[in-house]
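Take these sequences, add in the hints, and give me the full structure.
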Amino acid sequence: MPCERVYAVTKGVFKAGKMMVTTVKRVNLKMMVTVFCFNLHQMRTLKRKGGDGLRAEAI
248 MPCERVYAVT KGVFKAGKMM VTTVKRVNLK MMVTVFCFNL HQMRTLKRKG GDGLRAEAI
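If you read the sequence shown in the numbering used here, its first letter stands for residue 248, the second for the next number, and so on.
Since the hints were made in silico from the structure, they are not lab data. There's no promise every hint is true.
Unchecked claim - Think about it this way: if two alpha-carbon atoms lie no more than 25 Å apart in a straight line, the pair counts; the simulated SDA-like pairs of lysine to any residue are:
hint : residue 1 : residue 2
1    : Lys262    : Phe285
2    : Lys258    : Lys294
3    : Lys258    : Val274
4    : Lys258    : Arg295
5    : Lys272    : Val282
6    : Lys296    : Phe285
7    : Lys296    : Cys284
8    : Lys272    : Lys294
9    : Lys272    : Cys284
10   : Lys262    : Cys250
11   : Lys262    : Arg252
12   : Lys262    : Thr292
13   : Lys258    : Gln289
14   : Lys294    : Arg252
15   : Lys258    : Met290
16   : Lys272    : Phe261
17   : Lys262    : Leu287
18   : Lys294    : Val280
19   : Lys294    : Val260
20   : Lys258    : Leu287
To be verified - Taking CB as the label site, the calculated pair distances span:
hint : residue 1 : residue 2 : range
21   : Lys296    : Val274    : 28 to 34 Å
22   : Lys296    : Lys262    : 29 to 35 Å
23   : Met267    : Arg295    : 30 to 36 Å
24   : Asn275    : Gly297    : 31 to 37 Å
Backbone N, C-alpha and C fix where the C-beta goes; we use that ideal spot for every residue, glycine too.
Here's what the structure looks like:
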């Protein structure tokens with residue numbers, strides 16, 4: 248499953264497994280930052296594997 252890697256990186260690399268914030272707005276902001284960081288991490292991983300021509304389909 249492609250989504251399992253997202254959860255694995257989110258929990259393992261970013262230590263974002265639990266939400267310790269209390270309001271929905273704060274959770275939304277925290278998840279937005281976490282997903283942005285995951286996308287940067289994914290692009291760096293793909294670039295390191297030789298993806299010079301990164302396309303939207305590859306991410």
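Verification of the supplied hints:
Taken as a hint, the lysine 262 and phenylalanine 285 pair is honoured in the structure, with Cα atoms around 12 Å apart against an allowance of 25 Å. Our distance criterion of 25 Å between C-alpha atoms is met by lysine 258 and lysine 294, whose separation comes to about 22 Å. Straight-line distance between C-alpha atoms of lysine 258 and valine 274 comes to about 15 Å, which keeps the hinted pair within the 25 Å bound. For the hint linking lysine 258 to arginine 295, the alpha-carbon distance of about 22 Å falls within 25 Å, and the restraint holds.
A hinted pair counts as satisfied when its Cα atoms are at most 25 Å apart, and lysine 272 with valine 282 qualifies at roughly 15 Å. A distance of roughly 16 Å separates the Cα atoms of lysine 296 and phenylalanine 285; the hinted pair therefore holds under the 25 Å criterion. Taking the CA atoms of lysine 296 and cysteine 284, the gap is about 18 Å. The hint holds against a cut of 25 Å. For the proposed pair lysine 272 and lysine 294, the alpha carbon gap of about 33 Å is over 25 Å, so the pair is violated.
Annotation: proposed proximity of lysine 272 to cysteine 284 holds, straight-line Cα distance about 18 Å (limit 25 Å). With a C-alpha separation of about 17 Å, the suggested pairing of lysine 262 with cysteine 250 holds against the 25 Å cut-off. The suggested pairing of lysine 262 with arginine 252 holds, with an alpha-carbon distance near 14 Å, which does not exceed 25 Å. Of the supplied pair hints, the one linking lysine 262 and threonine 292 holds, its CA atoms being roughly 18 Å apart against a limit of 25 Å.
Restraint check for lysine 258 and glutamine 289: the C-alpha separation of about 15 Å stays at or below 25 Å, so the hint holds. For the hint pairing lysine 294 with arginine 252, the CA-to-CA distance comes to about 17 Å; that is within 25 Å, so the pair holds. At roughly 18 Å between alpha-carbon atoms, lysine 258 and methionine 290 fall within 25 Å of each other, so this suggested pair holds. Distance hint between lysine 272 and phenylalanine 261 is fulfilled; the C-alpha atoms sit about 20 Å from each other, no more than 25 Å.
Of the supplied pair hints, the one linking lysine 262 and leucine 287 holds, its CA atoms being roughly 16 Å apart against a limit of 25 Å. Using a Cα cut-off of 25 Å, the hinted pair lysine 294 and valine 280 holds, with the two alpha carbons roughly 21 Å apart. Distance check on the hinted pair: lysine 294 and valine 260 sit about 18 Å apart at the alpha-carbon level, within 25 Å; holds. Our distance criterion of 25 Å between C-alpha atoms is met by lysine 258 and leucine 287, whose separation comes to about 16 Å.
Checked against the given bound of 28 to 34 Å, the beta carbons of lysine 296 and valine 274, roughly 32 Å apart, stay inside it. A hinted range of 29 to 35 Å is violated for the C-beta pair lysine 296 and lysine 262, which are about 24 Å apart. Judged by the Cβ atoms, the range 30 to 36 Å given for methionine 267 and arginine 295 holds: they are separated by roughly 32 Å. Taken as a hint, the range 31 to 37 Å holds for the pair asparagine 275 and glycine 297, whose Cβ atoms sit roughly 35 Å apart.
Comparing the model with each numbered hint stated earlier shows that hints 8, 22 do not hold.
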